[in-house]
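Trainee: Below, each chain spelled out in residue letters.
Number of protein chains: 4
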Amino acid sequence: MSHALRLFAERGYHHTQIADIIEAAGIARGTFYLYFDSKRAIFAELLDGLFATFENTIRPIDTTAGAPPVGEQTRANVVRVIDTMVSNRDLVRILMRAAVGLDPEFDGKVADFYRKILSVIRGSIEAGIQMGLVRPRDAAVAAMIVLGGLKEIAYHYLVAGDQPPSSEVVAAEFLAVVASGLLREGQSDQLRLLAGGAAS
Amino acid sequence: MSHALRLFAERGYHHTQIADIIEAAGIARGTFYLYFDSKRAIFAELLDGLFATFENTIRPIDTTAGAPPVGEQTRANVVRVIDTMVSNRDLVRILMRAAVGLDPEFDGKVADFYRKILSVIRGSIEAGIQMGLVRPRDAAVAAMIVLGGLKEIAYHYLVAGDQPPSSEVVAAEFLAVVASGLLREGQSDQLRLLAGGAAS
Amino acid sequence: MSHALRLFAERGYHHTQIADIIEAAGIARGTFYLYFDSKRAIFAELLDGLFATFENTIRPIDTTAGAPPVGEQTRANVVRVIDTMVSNRDLVRILMRAAVGLDPEFDGKVADFYRKILSVIRGSIEAGIQMGLVRPRDAAVAAMIVLGGLKEIAYHYLVAGDQPPSSEVVAAEFLAVVASGLLREGQSDQLRLLAGGAAS
Amino acid sequence: MSHALRLFAERGYHHTQIADIIEAAGIARGTFYLYFDSKRAIFAELLDGLFATFENTIRPIDTTAGAPPVGEQTRANVVRVIDTMVSNRDLVRILMRAAVGLDPEFDGKVADFYRKILSVIRGSIEAGIQMGLVRPRDAAVAAMIVLGGLKEIAYHYLVAGDQPPSSEVVAAEFLAVVASGLLREGQSDQLRLLAGGAAS
DNA sequence: AATGAATGAGTTTTCATTCAT
DNA sequence: TATGAATGAAAACTCATTCAT
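Residue numbers (this note's numbering), protein chains in the order written: chain X, 121 to 320; chain Y, 121 to 320; chain S, 121 to 320; chain C, 121 to 320.
Certain hints may be false.
[Said to hold, decoys possible] Beyond 10 Å from chain Y on every Cβ pair, some chain X residues (computed):
{"no.": "1", "residue": "H123"}
{"no.": "2", "residue": "I138"}
{"no.": "3", "residue": "I142"}
{"no.": "4", "residue": "T173"}
{"no.": "5", "residue": "I178"}
{"no.": "6", "residue": "P180"}
[To be verified] Not the full set, but computed from the structure, chain C residues with beta-carbon under 8 Å of chain S:
{"no.": "7", "residue": "L154"}
{"no.": "8", "residue": "R217"}
{"no.": "9", "residue": "A231"}
{"no.": "10", "residue": "R255"}
{"no.": "11", "residue": "G269"}
{"no.": "12", "residue": "E272"}
{"no.": "13", "residue": "E293"}
{"no.": "14", "residue": "V297"}
{"no.": "15", "residue": "L303"}
{"no.": "16", "residue": "G306"}
{"no.": "17", "residue": "Q307"}
{"no.": "18", "residue": "Q310"}
It should be emphasised that the hints constitute simulated quantities derived from the structure, not laboratory data. All residues carry an ideal CB built from backbone N, CA and C; glycine is no exception.
Please put together the full structure from these sequences, using the hints given.
Mentor: So this is what it looks like as structure tokens:
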């Protein structure tokens, strides 16, 4: 029910009442329970839909011969994800706000979802390492930075309501930072310090 | 009340009842309301404490002459933040789970907190750019990636319960990725593709 | 509807839902209401059927000349009643459990049914008294003991699920106790005490 | 709660709402749930009280030397039971109407209660048989007739609302029928027929 | 300062019944 | 004659908050 999606996104799980949903949908109480077992059930169903939407958006990097260049595929992924989020703000709001901290079951579902996405990103990074494109780093941590960076950007521009620059600019900046890092080339002194001055 | 902190962290806001808190604290209902106006109030108080703890942990990079090297300061910041989070899991859980999606007021408080932190990070990056240490990038987006990456790492290792490697390793990996990026040097072809194949 | 009978007997009135009945009968909701006005209505109809079944089972003692001996008629009545109950457990369960305590109207119907039966029994006893076969006792109370005894036996063996001896044994024991009482002959001392020690 | 007892007795379990109980008791909803877990719970508590009341009313026949005569003890039991019932009509109504056919758990509790009472009566009858006071009959069936007769009398005079004669008269009639039976002495022909004409 | 019994507004869920097709 | 999607009144239960002691 799209009305439920909108309401949950706007008000959160607990502040959305069945009464609100059925009023928005223009149906009767009984009708609601004809299609959904409970408030939890409709939210779970909604959530599963959102998970599926995102999982379809992210495609593992294809490294077989003849596939498009890896950089191209990566960029396409990022653009697709950002497009999906931009055109489905409610979806992002539910995933990042309404579905968080509800109870162990929902938290588990959300955690599983992020784990799945992380494993795709990690897989791509590991492939990149093997191909010699990516520096040999801990792929799990790197994947978390990629995912977390994207989530934080989405949160501020789509949920917290900060003024959003264009999607392309954001995507380009994001990729640039992730690809080349923040440090300017030739700053090996600072690098050493970052890596733990005492140790070196 | 430390009992409240623990309970909110364990069960979330809505699943923690006043009854649980007073039972854990061994006080009477009335006594609770003697010290706190409401459930919201104690949670807000708790939250403000958490914000303060973290804000003390992050120190703006000091660029005046005679200050420790910038890389050193940055590393110290990251290590301090990670240490604080590791030794206060409940605090992280509340911030990342219990305090999310409660209602506009709490969401606003949390958003303000992150904005504050973001502005510190952004300020440091901008300083780095001016000093010629950091590549000239959109500092706001870069700051989000830094913050988001850290949050995601905290979420998986401290909230979702994935098995955490040692803090030092995580800190080192985090800094390395953020500093130098993922892409190996000399991969300018891929870089161009990442920046938007069509455009080039 | 035989399915309704079974369900009401198994689960009671309130725990049997229209949904259960139509599912068991393999018909649609609307079809049910085509044949029965309401849940009450089908239950009332069922109940009337049960009353009729039992009323046909009990035949007033025929005292006209040429009729079978009174003892024979009485025994036949008891055997018929027990046989009917044994071969229609659902019917007994509804009468003794599902139809009890529903509301004033149903309670009234059930009470009327038992009053009718009582009046037949009482009539037989009064006839027996007039014929000199039966001791001159309060026929109303005596009839209640006969009916109540039979009901209690039915309750334990057919409703509560206690292990039942054979029908014949039960019938014989029942008739023996009702006919000759519990006290052995010649125990006039105890009889006097039973009748009220103070008075003698 | 005496108000609950009255209401359950008057209207039955399902027609008594929590709203009725709290209104009658002059308390708030929350107060009710402070003392009782649920509607079931208060009814179960009430029921257990009623069971205890009756169990205290019936005393097993004492057959040790020096005890009052058995007939006297029996009569005292019957009088006590009838007195209890007469002075607590609500109690009888709940036991015989409101608590019947609610669900398997309550039905089981009621059945257990009656089984307990039956076993006391059966024990007394068996003792009487051994002492030579009572005819050697199936004590279980005899006990059911005693209990059932009493229940039916109670039902008609206290629940169904038929005009009640005095307690003493009812008690005397009841004991007389149970003690000496209905058949007049010397009606051995009829007795034979009752026992099964075909067989003899 | 501390207590805890009492409160009642607020919400979910159930299920007999209807009626357009 | 049959269907089954839609209805909405009704009722149990929760829990943050109050206030007299």
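Trainee: Run every hint past the structure and note whether it holds.
Mentor: We went through each hint and held it up to the structure:
no.	hint	in the structure
1	H123	holds, 19 Å
2	I138	holds, 16 Å
3	I142	holds, 22 Å
4	T173	holds, 19 Å
5	I178	holds, 15 Å
6	P180	holds, 16 Å
7	L154	violated, 27 Å
8	R217	holds, 4 Å
9	A231	holds, 4 Å
10	R255	holds, 5 Å
11	G269	holds, 3 Å
12	E272	holds, 3 Å
13	E293	holds, 4 Å
14	V297	holds, 5 Å
15	L303	holds, 4 Å
16	G306	violated, 10 Å
17	Q307	holds, 6 Å
18	Q310	holds, 4 Å
Figure legend: structure checked against the earlier numbered hints; hints not met, in rising order: 7 and 16.
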